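Colleague: So you can see what is in the structure, the chains are spelled out below.
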Amino acid sequence: MIWIGGAVLFWLVSWRANTWMARLPRSRLTGIAVPTLFGLALLVLWQGVVRGAHINPVLLPAPTDIAVKIASSLPILWADFFQTFVKGALSGYVIGCGAAVLTAIMVDRSPFLQAGLLPVGNFVAALPIIGMAPILVMWFGFDWQSKAAVVVVMVFFPMLVNTVEGLHASSAMQRDLIRTYAASYPQALLRLRLPAAMPFIFNGLKISTTLALIGAIVAEFFGSPIKGMGFRISTEVGRLALDMVWAEIAVAALAGSAFYGFVAMIERVVTFWHPSQRRG
Amino acid sequence: MNRKHSRVLPVLTVVLAIFVLWYAGAVALNAKWAEDKATRANITLSFPQLVADTWSQDKPKLPTPHQVAREIWKTTGAMALRGRTFSKRSLIFHSWITLSTTVLGFVMGAGLGILLAVGIVHSRAMDMSVMPWIIASQTVPILAIAPMVVVVLNAVGISGLLPKAVISMYLSFFPIVVGMVKGLRSPDRMQLDQMRTWYASKSQTFWKLRLPGSMPYLFTSLKIAMAAALVGAIVAELPINQNGGLGARMLVGSYYGQTIQIWSALITAAVLAAVLVGFIGFVQGATLKRMGMAQ
Chain A
1 MIWIGGAVLF WLVSWRANTW MARLPRSRLT GIAVPTLFGL ALLVLWQGVV RGAHINPVLL
61 PAPTDIAVKI ASSLPILWAD FFQTFVKGAL SGYVIGCGAA VLTAIMVDRS PFLQAGLLPV
121 GNFVAALPII GMAPILVMWF GFDWQSKAAV VVVMVFFPML VNTVEGLHAS SAMQRDLIRT
181 YAASYPQALL RLRLPAAMPF IFNGLKISTT LALIGAIVAE FFGSPIKGMG FRISTEVGRL
241 ALDMVWAEIA VAALAGSAFY GFVAMIERVV TFWHPSQRRG
Chain B
281 MNRKHSRVLP VLTVVLAIFV LWYAGAVALN AKWAEDKATR ANITLSFPQL VADTWSQDKP
341 KLPTPHQVAR EIWKTTGAMA LRGRTFSKRS LIFHSWITLS TTVLGFVMGA GLGILLAVGI
401 VHSRAMDMSV MPWIIASQTV PILAIAPMVV VVLNAVGISG LLPKAVISMY LSFFPIVVGM
461 VKGLRSPDRM QLDQMRTWYA SKSQTFWKLR LPGSMPYLFT SLKIAMAAAL VGAIVAELPI
521 NQNGGLGARM LVGSYYGQTI QIWSALITAA VLAAVLVGFI GFVQGATLKR MGMAQ
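Residue numbers (the numbering used here), protein chains in the order written: chain A, 1 to 280; chain B, 281 to 575.
Treat the hints as calculated values from the structure; they're not laboratory data. The structure displayed is predicted, hence computed values, not measured ones. One or more of the hints may lead you astray.
Stretch-level coverage of chain B by chain A, calculated; a stretch enters the list once three of its residues show a Cβ under 8 angstroms from a Cβ in chain A [said to hold, decoys possible]:
| id | stretch |
| --- | --- |
| 1 | 432 to 441 |
| 2 | 540 to 551 |
Take a look, some chain B residues computed to stay more than 12 angstroms from chain A by CB distance [to be verified]:
| id | residue |
| --- | --- |
| 3 | TRP335 |
| 4 | ARG476 |
| 5 | GLY524 |
| 6 | ALA566 |
Label pairs and their in silico Cβ distance ranges [to be verified]:
| id | chain 1 | residue 1 | chain 2 | residue 2 | range |
| --- | --- | --- | --- | --- | --- |
| 7 | A | HIS54 | B | LEU361 | 52 to 58 angstroms |
| 8 | B | LEU491 | A | HIS274 | 29 to 35 angstroms |
| 9 | B | ALA416 | A | PHE112 | 41 to 47 angstroms |
| 10 | B | ASP316 | A | ARG191 | 52 to 58 angstroms |
| 11 | A | ARG109 | B | TRP487 | 49 to 55 angstroms |
| 12 | B | ALA416 | A | ASN122 | 23 to 29 angstroms |
| 13 | A | GLN145 | B | VAL288 | 37 to 43 angstroms |
| 14 | B | ALA416 | A | VAL58 | 24 to 30 angstroms |
A virtual CB, placed ideally from N, CA and C, is assigned to each residue, including glycine.
Whenever a hint applies, use it, and build me the whole structure from the sequences.
Modeller: Given below as structure tokens:
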């Protein structure tokens, strides 16, 4: 009872603190403090309810149990992370995004192909591509190659659509200016249109970070060597060792957020001129 | 009208190119099996024979479109004609299960998303504390824990459609929150001031200005959410051997190397996605036209 009462009390107090902080003028400090406090309150509530209501750890382990599990099984988590994220997701991400950008540049000179590719690409991007996973696992075997292939297929179309759209982002005025400089096609592409396309390309890159991790993990459900995050999740669920599953999820969440944050950071450096990057 | 005409030809060309590549790929990928078979039988295949063989194998690496189409017809139309529409072997049965999960999850996700968006627009504290976590929640590969959610909810005694629908809900609420927050904030200063000069209460402003103003945003995000809900439903069907669904069909197909079966489930899922998103597009067109907002 004390556990639940304490947790609810903490929740109420932190919510009051948050409403108070939200009324202050917006600053960097409150922008970080408010969501952090909210996340902390969620964790405390979770811990309190699990401990207070004696919830079976098979159903929902407490955050502290998960933390202990993470600390005690670091080598396994690292091996899984390396297999799934570095070998599967990352290589597929680089190949898929690279291929999509190259394809977009190749069809760039043909409005006919673009008019055909865009609707088809948009349609394919809305399809449940993840269903291709069993087929690709069959084609490329159980190791990381098949995971990378799934990731390539998943990220290709969102990336293609974004890049093609981005290459049209420069305004007529800017293109005219470049033409008055007597720029050749490659010069115009490199100096004006690719830089102008960067916000769109990074939009696609950011969407693809999540897709890449999902693709690599789900593909492992269809067969994998005896390591990898997806493999671990599906086998530990079968053994009802939920604390290990949550540990993997924590790693996946951390890796996903870090990957996203990393791409967003590069975006800030590359597209510093774009209005959405302005501070202050 | 003119714009539409100019797009039909390129799209058809691309689709045609995909079919050509597909058939060529089938020859390339299935050729090894055909040649092995021929060497065992001590015959040499001429090229037309090779092509004919690669396009008609039982368990090809890549089935051809006409094989997939025949399989789909065999498990939908042909079964319906024999009066066994909802037999466990028919794709209509499996599609129905996936469809009901998707729609249930989508409705729950839309409800949750709209409620959260209303809260975020009206409370600054909620905006500042919840919004970053909603965005962070999407960098988590939630699909990866879909099996766990299904297993755990099954263990608590919640079984059937609901656990799978929860996954669909989780995937579909996010685009709706983001779209609705943008939509509910789309009325500009001038319009809000106008409401104030009419002495409108907060709820009147919401119902008469903010909500109608958000409709175009809502429908755009509903389309994305619907596609996401379908993906969620399919992945949620993967983990344990459940009694059906397109995802289960794919898993069984991959266990037994029934590539044609996987492809037919995949194509059916694609058709389902197109129909669902098209339906929302239709409702969008009708609604916005009635509201005088059609572009």
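Colleague: Hint by hint, which ones does this structure get wrong, listed from lowest number up?
Modeller: none
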